[in-house]
Amino acid sequence: MNEAPKLNSFRAGPDEEGRFGIFGGRFVAETLMPLILDLQDEWNKAKSDPSFKADLEKLGAHYIGRPSPLYFAERLTAELGGAKIYFKREELNHTGSHKINNCIGQILLAKRMGKTRIIAETGAGQHGVASATVAARFGLPCVVYMGATDVERQAPNVFRMKLLGAEVKPVTAGHGTLKDAMNEALRDWVTNVDSTYYLIGTAAGPHPYPEMVRDFQSVIGQEAKEQILAAEGRLPDLVIAAVGGGSNAIGIFHPFLDDEGVKIVGVEAGGKGLDGDEHCASITAGSPGVLHGNRTYLLQDGDGQIKEGHSISAGLDYPGIGPEHAWLNDVGRVEYVPIMDHEALEAFQILTKLEGIIPALEPSHALAEVIKRAPKMGKDEIILMNLSGRGDKDIFTVGKILGMGQ
Amino acid sequence: MTARMEKRFADVAAEGRPVLVTYFMGGDPDFDTSLAIMKALPKAGADVIELGMPFSDPMADGPAIQLAGQRSLKAGQTLAKTLELARLFRGEDQHTPIVLMGYYNPIYIYGVDRFLTDALEAGIDGLIVVDLPPEMDDELCIPALKRDINFIRLATPTTDDRRLPKVLENTSGFVYYVSMTGITGSALPDPSLIAGAVQRIKSHTELPVCVGFGVKTAEHARAIGASADGVVVGTAIVNQIASSLTEEGRATDATVPGVEALVKGLSAGVRAARLAAAE
Ligand SMILES: Cc1ncc(COP(=O)(O)O)c(C=O)c1O
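Going line by line, the protein sequences match chains A and B.
Position 175 (the first sequence) corresponds to 191 in my numbering; numbering is contiguous.
Position 67 (the second sequence) corresponds to 1430 in my numbering; numbering is contiguous.
Okay, chain A solo, but in the shape it has when bound:
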């Protein structure tokens, strides 16, 4: 064909059909197809609408508290004795994680589309809380689907959602974790097509969600890039983030994808180890398949049945991963590695004691990888890590494991 050659870029995806290489796409029931096409139209319009951008920026600055700080972790750096470690402090955002960046963007879209009801799925409850928060802020009723197991282990967040006026529906199907919650949210959406906006919490699902969520979260990487240039006069050598569905990771990675000198690492939940079934390392230990509207790496058996994952952190407990990560892995731009439960727990405690920051268990996985790599790097090298959320929601889980009993 006569198409001009595409720029040699890792940031050009997805294509018109929502594909990143073989990954992504729109694998949904016909009932939902017109809805995601409408959403795509509205998203395309919003992207080039200055008033949409202005609303996002205003709410970002005054409601979320953006830009989030870039923090040089001096004591951790000294302790590890290698590369300089910087945290992008998404845990200081309103509601305590990066999830709110996406929620503000999507609820503005829901409003533009005239939707009157919000549904969301949640694992750790951070996305549920962020959804309940923006629903309260914009005066829309909100139903959050949450696996019954997660309702138990993330009790503080369940309480917050309820206080914010959301209805939390525990899902008992399967193992009662994030994938089951997503199934149930999709069933709700298929039933309530006219009124309801499905606010997906991660960079997965059918097109246009992976692209849209990435764009809303890319503010993390854009700010971090400016901030690190201001602080150090150069780009980092290594960017690291934890990967559940992949939204905080793609948010910080995306603006750096075309910067050749920047190595990028995504950290998956290795659970109790990759030998058995008790992990959530979709890329390192899974294979390509189709679930929840997109083709991506999945934990599955030889018959294509999806397995239940396991992670100490509810937010990483998803047997899939956003399609753009699947592609970035296959083209070799990003390296994905697993971190075990116990390594994340150790990292959690190190950060708490050395820097006075209680991280969520999700970014504790990224931190564990930082702790492995920093000592092997030179003192003039720089690591940038996405500290995607605070650990308030996890203190009871961790307390129990550490025998600090209540």
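There's no promise every hint is true.
What the hints assert, rightly or not - Okay, derived cross-link-like pairs now, BS3-like style, lysine-lysine, Cα gap no bigger than 27 Å in a straight line: (1) A:K288 - B:K1437; (2) A:K131 - B:K1529; (3) A:K241 - A:K69; (4) B:K1627 - B:K1406; (5) B:K1370 - B:K1402; (6) B:K1529 - A:K61; (7) A:K323 - B:K1444; (8) B:K1627 - B:K1579; (9) A:K416 - A:K178; (10) A:K323 - B:K1437; (11) A:K392 - A:K323; (12) A:K392 - A:K416; (13) B:K1579 - B:K1565; (14) B:K1444 - B:K1402; (15) A:K74 - A:K131.
Think of the hints as simulated: they come from the structure by calculation, not from any bench.
Since the structure of chain A is provided, determine the placement of chain B with the ligand on it from the hints.
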């Protein structure tokens, strides 16, 4: 094989009545019982069989079919075994069309080419794959049509006139009209609304239109059959099976006869449909 489906629809139309399409989950509650159920269906009056392929994450299904899938998987069902069910059934019955219904991932993992070869060999006539809309036709629909296997698409209340041609473009065998926006097992909407929707679809296609989701009783079958070319009954059959099982989910002497009795009733319903319409 597309010819078997065409012939069955033509023969039933010649009888002046709608087609009865019956769904059950392959391998529920176990392989042998589900084979017995499958064999019993045409004898009780089913014209077309929809054979469910279990999937761990059935996003478009209600609790009844979710549980049926879980029972089936727990009993060791796989896609290969579901094809084996069809093959064993074909040994006895060469006339009743079989449509496989389920989700894409198990087929994708089995391998599309290998799947189509084995499906043809097992005597499969059509496919309904819930999570493959027309936008994804290159995945399975086009390869299936090339191999002479029908690809039956769902049209729904959200499929408006603008979108309908796209949905119908590569549809073959029949069109499956989903009576409502919702999951399987929900309540049936007003039959007069459905009749209007069926007319709308028929103005765009020569294919027969079958209506499913929410059809549970002989009376439903009669009412829907008055306007549609066929009715699809799924959850009612799955519920009938579930209600016959032991607490541990095992088959009993009542399992197969229960399905037979239900389908006989439904069959009487579709046989009365046009009589009712003529009244
Ligand atoms: C703080 C935090 N980080 C990371 C994640 C993982 O999600 P994602 O991979 O979409 O960033 C979660 C999910 O709940 C979370 O709460």
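Do the hints match the structure? See the list:
no.	hint	verdict
1	A:K288 - B:K1437	25 Å, holds
2	A:K131 - B:K1529	26 Å, holds
3	A:K241 - A:K69	20 Å, holds
4	B:K1627 - B:K1406	9 Å, holds
5	B:K1370 - B:K1402	20 Å, holds
6	B:K1529 - A:K61	24 Å, holds
7	A:K323 - B:K1444	20 Å, holds
8	B:K1627 - B:K1579	13 Å, holds
9	A:K416 - A:K178	24 Å, holds
10	A:K323 - B:K1437	13 Å, holds
11	A:K392 - A:K323	36 Å, violated
12	A:K392 - A:K416	33 Å, violated
13	B:K1579 - B:K1565	24 Å, holds
14	B:K1444 - B:K1402	16 Å, holds
15	A:K74 - A:K131	22 Å, holds
Hints 11, 12 from the list above are not met by this structure, while the remaining hints are.
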